[in-house]
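Use the sequences and the hints to build the structure in full.
There are 2 protein chains.
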Amino acid sequence: ALAGPTLAQNLPTLNWRLVSSFPKSLDTLFGTPEVFASSLRKATDGKFNVKIFAAGEVVPALQVLDAVQNGTVECGHTASYYYLGKNSAFIFDTAAPFGMTARQQTAWMLHGNGMKLMRELYASYNIVNFLGGQTGTQMGGWFRKEIKSPEDLKGLKFRVAGFVGQALAKLGVIPQQLPAGEIYSALEKGTIDAAEFVGPYDDEKLGLAKVAKNYYYPAFWEGAAGLSFLVNKKQWDALPPSYQAAWEAACFEAHVDMCAKYDALNPPALQRLVQNGAVLRKFNTSVMDACFKASQETYAEESAKNPQFKKIFEDYRAFRNMEAQWFGLAEQAFAQYSFSKKL
Amino acid sequence: ALAGPTLAQNLPTLNWRLVSSFPKSLDTLFGTPEVFASSLRKATDGKFNVKIFAAGEVVPALQVLDAVQNGTVECGHTASYYYLGKNSAFIFDTAAPFGMTARQQTAWMLHGNGMKLMRELYASYNIVNFLGGQTGTQMGGWFRKEIKSPEDLKGLKFRVAGFVGQALAKLGVIPQQLPAGEIYSALEKGTIDAAEFVGPYDDEKLGLAKVAKNYYYPAFWEGAAGLSFLVNKKQWDALPPSYQAAWEAACFEAHVDMCAKYDALNPPALQRLVQNGAVLRKFNTSVMDACFKASQETYAEESAKNPQFKKIFEDYRAFRNMEAQWFGLAEQAFAQYSFSKKL
Numbered sequence: 001a002l003a004g005p006t007l008a009q010n011l012p013t014l015n016w017r018l019v020s021s022f023p024k025s026l027d028t029l030f031g032t033p034e035v036f037a038s039s040l041r042k043a044t045d046g047k048f049n050v051k052i053f054a055a056g057e058v059v060p061a062l063q064v065l066d067a068v069q070n071g072t073v074e075c076g077h078t079a080s081y082y083y084l085g086k087n088s089a090f091i092f093d094t095a096a097p098f099g100m101t102a103r104q105q106t107a108w109m110l111h112g113n114g115m116k117l118m119r120e121l122y123a124s125y126n127i128v129n130f131l132g133g134q135t136g137t138q139m140g141g142w143f144r145k146e147i148k149s150p151e152d153l154k155g156l157k158f159r160v161a162g163f164v165g166q167a168l169a170k171l172g173v174i175p176q177q178l179p180a181g182e183i184y185s186a187l188e189k190g191t192i193d194a195a196e197f198v199g200p201y202d203d204e205k206l207g208l209a210k211v212a213k214n215y216y217y218p219a220f221w222e223g224a225a226g227l228s229f230l231v232n233k234k235q236w237d238a239l240p241p242s243y244q245a246a247w248e249a250a251c252f253e254a255h256v257d258m259c260a261k262y263d264a265l266n267p268p269a270l271q272r273l274v275q276n277g278a279v280l281r282k283f284n285t286s287v288m289d290a291c292f293k294a295s296q297e298t299y300a301e302e303s304a305k306n307p308q309f310k311k312i313f314e315d316y317r318a319f320r321n322m323e324a325q326w327f328g329l330a331e332q333a334f335a336q337y338s339f340s341k342k343l
Numbered sequence: 001a002l003a004g005p006t007l008a009q010n011l012p013t014l015n016w017r018l019v020s021s022f023p024k025s026l027d028t029l030f031g032t033p034e035v036f037a038s039s040l041r042k043a044t045d046g047k048f049n050v051k052i053f054a055a056g057e058v059v060p061a062l063q064v065l066d067a068v069q070n071g072t073v074e075c076g077h078t079a080s081y082y083y084l085g086k087n088s089a090f091i092f093d094t095a096a097p098f099g100m101t102a103r104q105q106t107a108w109m110l111h112g113n114g115m116k117l118m119r120e121l122y123a124s125y126n127i128v129n130f131l132g133g134q135t136g137t138q139m140g141g142w143f144r145k146e147i148k149s150p151e152d153l154k155g156l157k158f159r160v161a162g163f164v165g166q167a168l169a170k171l172g173v174i175p176q177q178l179p180a181g182e183i184y185s186a187l188e189k190g191t192i193d194a195a196e197f198v199g200p201y202d203d204e205k206l207g208l209a210k211v212a213k214n215y216y217y218p219a220f221w222e223g224a225a226g227l228s229f230l231v232n233k234k235q236w237d238a239l240p241p242s243y244q245a246a247w248e249a250a251c252f253e254a255h256v257d258m259c260a261k262y263d264a265l266n267p268p269a270l271q272r273l274v275q276n277g278a279v280l281r282k283f284n285t286s287v288m289d290a291c292f293k294a295s296q297e298t299y300a301e302e303s304a305k306n307p308q309f310k311k312i313f314e315d316y317r318a319f320r321n322m323e324a325q326w327f328g329l330a331e332q333a334f335a336q337y338s339f340s341k342k343l
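Chains D and P are the protein sequences, given in the same order. Residue numbering for the first sequence follows this note's numbering, beginning at 1 and increasing consecutively. Residue numbering for the second sequence follows this note's numbering, beginning at 1 and increasing consecutively.
Because the hints were derived from the structure by calculation, they are not lab data. Possibly wrong hints are sitting among the right ones.
Remember, identical chains collapse to one label, so a pair may be satisfied in a single copy or spanning two.
Derived pair list, reagent style DMTMM-like, types lysine to aspartate or glutamate, alpha-carbon separation capped at 20 Å [as the list claims (entries may be wrong)]:
1) Lys305 <-> Glu146
2) Lys342 <-> Glu301
3) Lys342 <-> Glu314
4) Lys233 <-> Glu204
Set out below in structure tokens:
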């Protein structure tokens, strides 16, 4: 049923700037706002344009939240857990040790209290947040020596991001912060003993198999890692409702696309890494048990310190425990049997 | 950067009809086009309206493809495998025995050849297809008696949909077709011995625990089940590009939302089912092995009969085998350890 053309519209032409926390070389992470911006531009008939800037072009990688909060730019794409120094509760928007998987986290955000709770947190920074992609479970990283027991973690200089560092420190790990570009030489020189990054596709670019061939899994601190789009609240509130709707739908498109891209690119990258010398190793139960216990202690400590952390963690935990029970049945029984078979 | 209002638009007001294969009572499945239509309407400033009709209101549940192909309606929401009688290759748009999980299938569609191949298939029906949601791994169904070995499948009258019926028939199962509303009384009377439907949340509505308490998992024939939006190609081609873009983004929104909804609703439903007498049972390895072998034979037979099936299956299989290898590492190691722990 095609009706006649409507009257003049008053929809504005907008040119916004989006700052990314990632370099162009990481086409998975950097590519996600590109998918988003393309969807938004097309759906608004070319009127709402978002130009994307890589880390460092407008603001440094880890100042995306600040730039959006201050109105330096209208919007950004980042991982909320980079800002745990501002408020440790930000980790639940990205990843938490032994936390939710990609699907569980999206379910918590959309049909649990996740989005509501994270928006409350972001509101005090004048920011509205949106889903912005998922990496899936990451790899545990590259280790020069084997980790056979919790003892082997003592004194280990491990390049590892964020909250899990507090837990690992209890086991004697010395967490290190290093930009991606410096990991290779630090491992080669022995300045650090191990480094985690993302997963096979992104890790391959760093070439670490040559200097630390033991490629451990899983990253129990990143059973999933969620990315986020951030928008300055004043800018968001001023948008026409149709642009807000197009924005939201474009975020969903980018959210699906990023995880699908990782899931398609990681398997062949893994094969290439193994061909080039990476030795796949699984953290054994003694190591996992020690890390689980240390993580539990860290959750309790942080809950005692930060009421917002406590509030969000209680909700996150309850949802996650219920999810774990269900995913442990049909989904796990299928995966366990099926993944071991060649179709 | 807010520019002035633009000139008159020529975007039309559209009122389309969407036919669903599902009844309103299944709010998960029926609700997905509602999420889609709301997103599309808002993003087009109220101009592109899609009115949703439940199964039977305009056409019967399993004639959605025909109605869209013939132009009876502009669009539909359905599961492609309902149309395997037209072409068995349609199953790969929904679910295949021991096939891909939800994330793997979305990856194949968007960053493998899946969408391209399915669009080629749908093109001969004058239809353009889009992602339309995911259920995740389904439950294996409700059984009056325990299934302890492949022997117990002989003569079993099992209400089970589609392609897997051909495989199960090799093991002596007598596949039954029954509308959802007739399952309860058929199980009660013993006309059938077992019935599969979806998962805890949808199954709960049928009340089957009272008449067949053994609730088996997993549905190895539905490691994931993808739903699809179908659009008449002539109607699609006539849409303004901005409406096409808003349509695509709205499909992504609905795609994410449906799986998140299932993942949020299934866990508490499972708990209620168990409280009300359902006994959870896992298909053992001897049963799974027999079904896997029978499925492999069915794939080979169908490939020999249908070149389109063969072409899509070969691509599906290669992608799935690569995915299984990768998901068997980090994702599985995390799930296996983590799901068994209370956070």
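Checked hints:
no.: 1; hint: Lys305 <-> Glu146; result: neither (35 Å within a copy, 52 Å between copies)
no.: 2; hint: Lys342 <-> Glu301; result: between (46 Å within a copy, 18 Å between copies)
no.: 3; hint: Lys342 <-> Glu314; result: between (41 Å within a copy, 12 Å between copies)
no.: 4; hint: Lys233 <-> Glu204; result: neither (38 Å within a copy, 42 Å between copies)
In summary, the numbered hints that this structure violates are 1, 4.
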